[in-house]
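Novice: So you can see what is in the structure, the chains are spelled out below.
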Amino acid sequence: MVAYRRRRRSFPRRKVCRFCADSNVKIDYKDPKLLKYFITERGKIIPRRISGNCARHQREITTAIKRARHIALMPYTTIQPH
Amino acid sequence: MRRYETLFIVTPDSSDEDLQAVADKFKGVITSMNGKIAAYDEQGKKSLAYNIKKQSKGHYVLMDYLGQADVVAELERNMRLDDRILKYLTVKLADQVDPDTVEEEKPKPRRAAETTDVSEEEDQSAEAQESEEEESLEEESEEE
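Just so you know, the protein sequences line up as chains A and B, in that order.
Take the first sequence: its position 42, counting from 1, is numbered 42 in our numbering, and each next residue is one higher.
Take the second sequence: its position 28, counting from 1, is numbered 28 in our numbering, and each next residue is one higher.
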């Protein structure tokens, strides 16, 4: 029964990768306003299964966020070390 | 030649003359190594996402240039030695660029010191994400 239920569980509607839908949006590490949609309030990168990005664009987002962190445009964490 | 861009942070207590001196110095480094400046854009004073060398703000400068790999090595060596530079990041934009096709951009009018706080703005997106997750969980439980 359990297995049956699991199979029947409803899927949240499949999100479309917003970068595939609109090719005008460029992923750039210098644009924290765009990138902040893909991190949690703690600063962690939101996984693809939740953000709905395709693999290619998720990879670009990840690289961009890591670059932005390096140059202090985005936080590594929101808990400030002493 | 390759095209690179370097984004670097100048210490916030530097005056306009200091910024000019920094600009002249690093432009000189590139041209002395047979590189070519494509753009030099001072993006103004912004607050940093975390403190660097006990500073919470900094002047962001974006420099776009052409050159061989040794230009980057020399530029970064100079930046490491310079106390006015808090941090830098170099990214390769393109391989195999013909220097004649790239013109130097006119420097854009400098924007007034914008202080965009990175840490405050991000909260909304995370919240939105969470509420969506909750929704999908609810749907599941209803079926059971």
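Wrong hints could be hidden among the right ones.
As the list claims (entries may be wrong) - Dumping the calculated DSS-like pairs for lysine-lysine here, alpha-carbon to alpha-carbon at most 27 angstroms:
1. B:Lys92 x B:Lys36
2. A:Lys26 x A:Lys66
3. B:Lys53 x A:Lys66
4. B:Lys92 x B:Lys27
5. A:Lys44 x B:Lys36
6. A:Lys66 x B:Lys45
7. A:Lys26 x B:Lys53
8. B:Lys25 x A:Lys26
9. B:Lys87 x B:Lys36
10. A:Lys44 x A:Lys66
11. A:Lys26 x B:Lys54
12. B:Lys57 x A:Lys44
13. A:Lys33 x A:Lys44
Unchecked claim - In silico negatives: residues of chain B with every beta carbon more than 10 angstroms from chain A:
14. Ile9
15. Ser14
16. Ala23
17. Lys27
18. Lys36
19. Lys46
20. Ala69
21. Asp83
22. Lys87
To be verified - Computed, partial: chain B to chain A, Cβ under 7 angstroms:
23. Tyr40
24. Gly44
25. Leu48
26. Leu89
27. Leu93
28. Val97
No lab work stands behind these hints: they were computed from the structure.
Ideal Cβ placement from N, Cα and C applies to all residues, glycine included.
Novice: Compare the structure with each hint and give your call.
Specialist: Do the hints match the structure? See the list:
{"no.": "1", "hint": "B:Lys92 x B:Lys36", "result": "14 angstroms, holds"}
{"no.": "2", "hint": "A:Lys26 x A:Lys66", "result": "16 angstroms, holds"}
{"no.": "3", "hint": "B:Lys53 x A:Lys66", "result": "20 angstroms, holds"}
{"no.": "4", "hint": "B:Lys92 x B:Lys27", "result": "17 angstroms, holds"}
{"no.": "5", "hint": "A:Lys44 x B:Lys36", "result": "38 angstroms, violated"}
{"no.": "6", "hint": "A:Lys66 x B:Lys45", "result": "21 angstroms, holds"}
{"no.": "7", "hint": "A:Lys26 x B:Lys53", "result": "32 angstroms, violated"}
{"no.": "8", "hint": "B:Lys25 x A:Lys26", "result": "32 angstroms, violated"}
{"no.": "9", "hint": "B:Lys87 x B:Lys36", "result": "22 angstroms, holds"}
{"no.": "10", "hint": "A:Lys44 x A:Lys66", "result": "10 angstroms, holds"}
{"no.": "11", "hint": "A:Lys26 x B:Lys54", "result": "33 angstroms, violated"}
{"no.": "12", "hint": "B:Lys57 x A:Lys44", "result": "23 angstroms, holds"}
{"no.": "13", "hint": "A:Lys33 x A:Lys44", "result": "15 angstroms, holds"}
{"no.": "14", "hint": "Ile9", "result": "7 angstroms, violated"}
{"no.": "15", "hint": "Ser14", "result": "16 angstroms, holds"}
{"no.": "16", "hint": "Ala23", "result": "18 angstroms, holds"}
{"no.": "17", "hint": "Lys27", "result": "20 angstroms, holds"}
{"no.": "18", "hint": "Lys36", "result": "21 angstroms, holds"}
{"no.": "19", "hint": "Lys46", "result": "8 angstroms, violated"}
{"no.": "20", "hint": "Ala69", "result": "19 angstroms, holds"}
{"no.": "21", "hint": "Asp83", "result": "17 angstroms, holds"}
{"no.": "22", "hint": "Lys87", "result": "6 angstroms, violated"}
{"no.": "23", "hint": "Tyr40", "result": "15 angstroms, violated"}
{"no.": "24", "hint": "Gly44", "result": "13 angstroms, violated"}
{"no.": "25", "hint": "Leu48", "result": "4 angstroms, holds"}
{"no.": "26", "hint": "Leu89", "result": "4 angstroms, holds"}
{"no.": "27", "hint": "Leu93", "result": "11 angstroms, violated"}
{"no.": "28", "hint": "Val97", "result": "19 angstroms, violated"}
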